[in-house]
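As given, the protein sequences belong to chains Y, L, P and G, one line each in that order. Okay, so the first sequence: first residue is 1 according to my numbering, each after it adds one. Okay, so the second sequence: first residue is 1001 according to my numbering, each after it adds one. Okay, so the third sequence: first residue is 2001 according to my numbering, each after it adds one. Okay, so the fourth sequence: first residue is 3001 according to my numbering, each after it adds one.
Treat the hints with care, since some could be wrong.
To be verified - Sample of chain P residues at the chain G side, in silico, Cβ under 8 Å: (1) 2061; (2) 2174; (3) 2194; (4) 2195; (5) 2240; (6) 2295; (7) 2311; (8) 2312; (9) 2315.
Stated by the list, open to error - Beta-carbon label-pair distances, calculated as ranges: (10) G:3004 to Y:275: 40 to 48 Å; (11) Y:272 to G:3027: 23 to 31 Å; (12) P:2085 to L:1057: 28 to 36 Å; (13) Y:58 to G:3086: 54 to 62 Å; (14) P:2048 to Y:41: 29 to 37 Å; (15) G:3289 to L:1265: 49 to 57 Å.
Source of the hints: derived by calculation from the structure; they are not laboratory data. As the structure is a computational prediction, the values presented were derived from the model and not from experiment. All residues carry an ideal CB built from backbone N, CA and C; glycine is no exception.
Protein chains: 4
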Amino acid sequence: MQPNKVPVGVLGATGIVGQRFLQMLERHPWFEVAWLAASERSEGRAYAEAVRWRLKTPIPSRAAALPVSSANPDGAPKIIFAALDASIAAELEPRFAAAGHAVISNSSALRMQRDVPLVIPEVNAEHLKVLECQSWRRQSGGFVVTNPNCSAIGLVLALAPLEQHFGLEKVMAVTMQAVSGAGYPGVASLDILGNVIPYIAKEEEKMEEETRKLLGQVRDGHIELAGFAMSAQCNRVAVEDGHTESVSVKLKKKAGGEEIIEAWQQFRAVPQELRLPSAPERPVEYLPSSDRPQPRFDVDRGAGMTACVGRLRPCGVLEWKFTVISHNTIRGAAGAALLNAELLKAQGYLD
Amino acid sequence: MQPNKVPVGVLGATGIVGQRFLQMLERHPWFEVAWLAASERSEGRAYAEAVRWRLKTPIPSRAAALPVSSANPDGAPKIIFAALDASIAAELEPRFAAAGHAVISNSSALRMQRDVPLVIPEVNAEHLKVLECQSWRRQSGGFVVTNPNCSAIGLVLALAPLEQHFGLEKVMAVTMQAVSGAGYPGVASLDILGNVIPYIAKEEEKMEEETRKLLGQVRDGHIELAGFAMSAQCNRVAVEDGHTESVSVKLKKKAGGEEIIEAWQQFRAVPQELRLPSAPERPVEYLPSSDRPQPRFDVDRGAGMTACVGRLRPCGVLEWKFTVISHNTIRGAAGAALLNAELLKAQGYLD
Amino acid sequence: MQPNKVPVGVLGATGIVGQRFLQMLERHPWFEVAWLAASERSEGRAYAEAVRWRLKTPIPSRAAALPVSSANPDGAPKIIFAALDASIAAELEPRFAAAGHAVISNSSALRMQRDVPLVIPEVNAEHLKVLECQSWRRQSGGFVVTNPNCSAIGLVLALAPLEQHFGLEKVMAVTMQAVSGAGYPGVASLDILGNVIPYIAKEEEKMEEETRKLLGQVRDGHIELAGFAMSAQCNRVAVEDGHTESVSVKLKKKAGGEEIIEAWQQFRAVPQELRLPSAPERPVEYLPSSDRPQPRFDVDRGAGMTACVGRLRPCGVLEWKFTVISHNTIRGAAGAALLNAELLKAQGYLD
Amino acid sequence: MQPNKVPVGVLGATGIVGQRFLQMLERHPWFEVAWLAASERSEGRAYAEAVRWRLKTPIPSRAAALPVSSANPDGAPKIIFAALDASIAAELEPRFAAAGHAVISNSSALRMQRDVPLVIPEVNAEHLKVLECQSWRRQSGGFVVTNPNCSAIGLVLALAPLEQHFGLEKVMAVTMQAVSGAGYPGVASLDILGNVIPYIAKEEEKMEEETRKLLGQVRDGHIELAGFAMSAQCNRVAVEDGHTESVSVKLKKKAGGEEIIEAWQQFRAVPQELRLPSAPERPVEYLPSSDRPQPRFDVDRGAGMTACVGRLRPCGVLEWKFTVISHNTIRGAAGAALLNAELLKAQGYLD
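All chains, full assembly: derive it from the sequences and hints.
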């Protein structure tokens, strides 16, 4: 351990998002992976042997040598990044929080629970206030903070400046989502080669409710969902990384195209002001080319933390339509949680 | 020539849609290809040598041996199927019509022209009446009839029963279109492998205006566009054949989900009544599985002439949302024109 | 049951090869599916509910309604098509054979067993003689006949005419195999999109030994492996159906290119003479185009039962090199077993 | 211009390889792009407007603003990187060399010319001696140095240590090549989605003759081709970047598997000794996993300059077989030429 770094643990370290956590934490200036856990069959093995590593960079050497621990709070560091399937998270995350751990979760299990903050630091950092009412925090000092679904994050980053400047009345989003969003092995090649799958279980519900929670307001210690109408349609396509979304919106206040683009380009928020290590210089970037953004070429902007927007044009049914893409396992999962952890640390929640 | 068949010609016979024409006409009970034309550099060569055949069935042997003619009305049969790029169609189609030919066109060049019928036989067979006012027809007996863009046809087949039963107020469609829609060589593999391209030139405009013309009414010898609001967003994906569309609608009259599905399942129209040779038994088929329709598995239903619909569910912004797919080079191009020709013949326009 | 048809059963009916069996048997003139079995968790459900159907044609309606039986000889028809994983086949196939069933197997479990015929009807129909020494046959009347691995069949169809006419001395084959060869879910999309996997477990060993058994001779009631040197390298590529192989050979007798092509084009054998229902008119077809065969365009020739060969040219290390493709789940699996069954029936083994 | 850098020009700057040149030169410690040329229709426009940029990193800002010059020696820098189609290179490269320029070419046009060095710096740096006999060099001081075809480079990097330690007697290679090797637009998506194309024009001939020239010896001022037997079969697959090759070899001297792996792992050569800026630490890396190397995961090792080898195992026909992959537009094209330029500079040829 480097003396100046805070030890962290990773729950669900062998999955695709767990791998991204290790990759992103490899050279992190504040945190260092000191512990990792996965399913029982991996326990006790060295991480490098337990994992089927699916990223293009090599396994971080420090993590490679760590033994896979049992998914148990005993002996785990205080700060835990969790990349678990929802059914397992529903059981384990409360257990770690109750034992005094700060659980920074990518799972959907607790996202919509009333006293659990669902946070994108650029969008609703102030929702962390809800932690004060969270029962675990009051009892053990532990807590759970979550980030949204991979398909909601890019959308909400694009919507936040519009909500701030003009107010949102209606939002429709149709997604074309990458296969890495389903984990590994995830989507079978026989299902997706030369195909589109117009269905992802529970994804539309998550997008619709999470979007409204993220853009909601803190009232009396809990989050009041935003009131705009919202509809999502989710499709899977043969792309490795990067969710593309075709979006239409109706704003409360009339806005011209240049004003909207200006709102995106000028958008900066708490993570940029605090210069959090994983914060991109620009959370949203508008690309002027007529055929961008595209996942293959734009997914890695801002080291995968920038949502790229393009093709703003009038919509004949609502008011404006545009395309947004974002990296589903970086900005949409591991990077999202990491930025939450950085925000929590900067605001003293991890002391 | 078989004595009981009507000779037809194909303009643009070497392109992807031209190839589909030859494939679909190979064993057609009424028509027989007697003449074909392509670009100048192919002239005089045997078709089999001039074409880069991209379909899975072999080149029809009759067509293979035909010489590629000059794209000139002299010596061409009276009935001409045209599969030309818009810029060339704008010049050649009027020339053939003025010379007395029945031009059954898949091109966008003349589709929106006031006196040119834009027809899907199941949807608006009665629009053929407009031909009576078409100047070519009055002067030379020739005429031009068009079919819609490949992305509009599947959508409009799904919309037509809704318009009939409940009336349409608003329509939003986001497409995920196959690469064959761009012809050959068309989309470069470096552009689409592992990618989504959120832009197809002029496609959204075509979808929006053609949909309203198709569902419009004949008034005083021309077509009055339908009045509903319409918005399209068009994307290209790594699929060979089959356009997938995520659609939301608001209806004029309240309708339950079962009524809507019933409207689709019961939908039959002129081509089915007339038993036109290329008419599918069911122009629209609703698939009850939660993850269908999918282009890879459903594109060939009804020999590629059936639009498959699925996933009907309430929409939080409009009223209902669903997915539709259709075969873009069969129902969306060559099969569309062929069915138009069959309708024209059945109604005496080709005598 | 149609009175003139022989009832058959399918073991492993829900897998990809099991599905192909049902598809190919749907309108078979001799056989009719009367029984099917799969894993325990499917038992008792209707087939249509137990299967995740992955073929483009609909589930055959007769099979759809059949209940999934327990994988047990009691009550099963005498003739059993088996599409089981090797480890399960090793246990179940002997059990069915011992109980008097004719097991026509696609599994690798028993292929190399000395008294089990490994047969491609066009290549080594006479190997069925080995059945006379098979212990199950002598005891219960039951027996096991196998077909080769999907990667060996196309190769051996191309090699057989060369062996007949010129003799084989050395054979090298490098495969580019379709994902359907790994079953369903099989290859994860994250493993194969935009990728080549240069490894398929045990595949090279199977190709090398099966090729020599197929082209071997019956001596004293068992098969003597052919003596030529053989080397295989197996790769997985992002293709749905159709294995492509780059092959080099050294022949015993000098042969010119035209003689070799003539040997392929003239190749006809027992199944063609007996006019077996699934026998293609041409087991091997040479395609003269410089860039064929290609899986996407040529895999369905002869209803998926023809191996397509092309690009014959001199090899600087051995003597000749060429490309061969064949359909891995039709000619390479279900169609292979079906043709074996037809051969067995025609030769009285199923009476 | 930075005062300490040498100005260079790029011929064919808008193609895929030209783009790689600009990307790799963006932060090069020795060279700086001062001039670029492309086809006539691009002349005079800013590079950013003339190019259809297909790389994932943005257009280098310096290059973006450069005007596209006419492909003419007047005003061009002394050092020219050439990324031209063979037919154009055949005309332009001699013209630039005759005018006194050092032409570092990626084209096939002059590669096999007797007095033109074909160089991989790790393999045959000493072949540069041939320059002394090159007529252009003697007349104008200009010269042409070439690098091999993208499919030959990875192979030859893997073969060179074997030739050094054990001697080569026979080499067979079957390639599975990425679409970027065909340039842009290059391979049509309709040709390659779900497909393998078993043919690349002139590729096999290039691989066979270039491999022998690269591993040949300088004798009397020219290159004597190496004497081993060589056979190549070339296929195109749906991969973006990275050529995969299945290789078999027969060595002159018996070698064990560990010795061979050791030869690859220990392989270092002139570029590593001279610490050339683009030289990878390891020109060849052996990956021990049973299913590696794979283009999607291994293509970027050594910043795209390392050839990855794996799966060494005995071959039943020759002696050993293995898989090699390398990045076709970095190590196989732009990076190859750049490393040649660095070698030339380090050895005083560019002074």
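Problem set entry | Hint numbers contradicted by this structure | As far as the earlier hints go, 1, 8, 10, 13 are violated by this structure, in ascending order.
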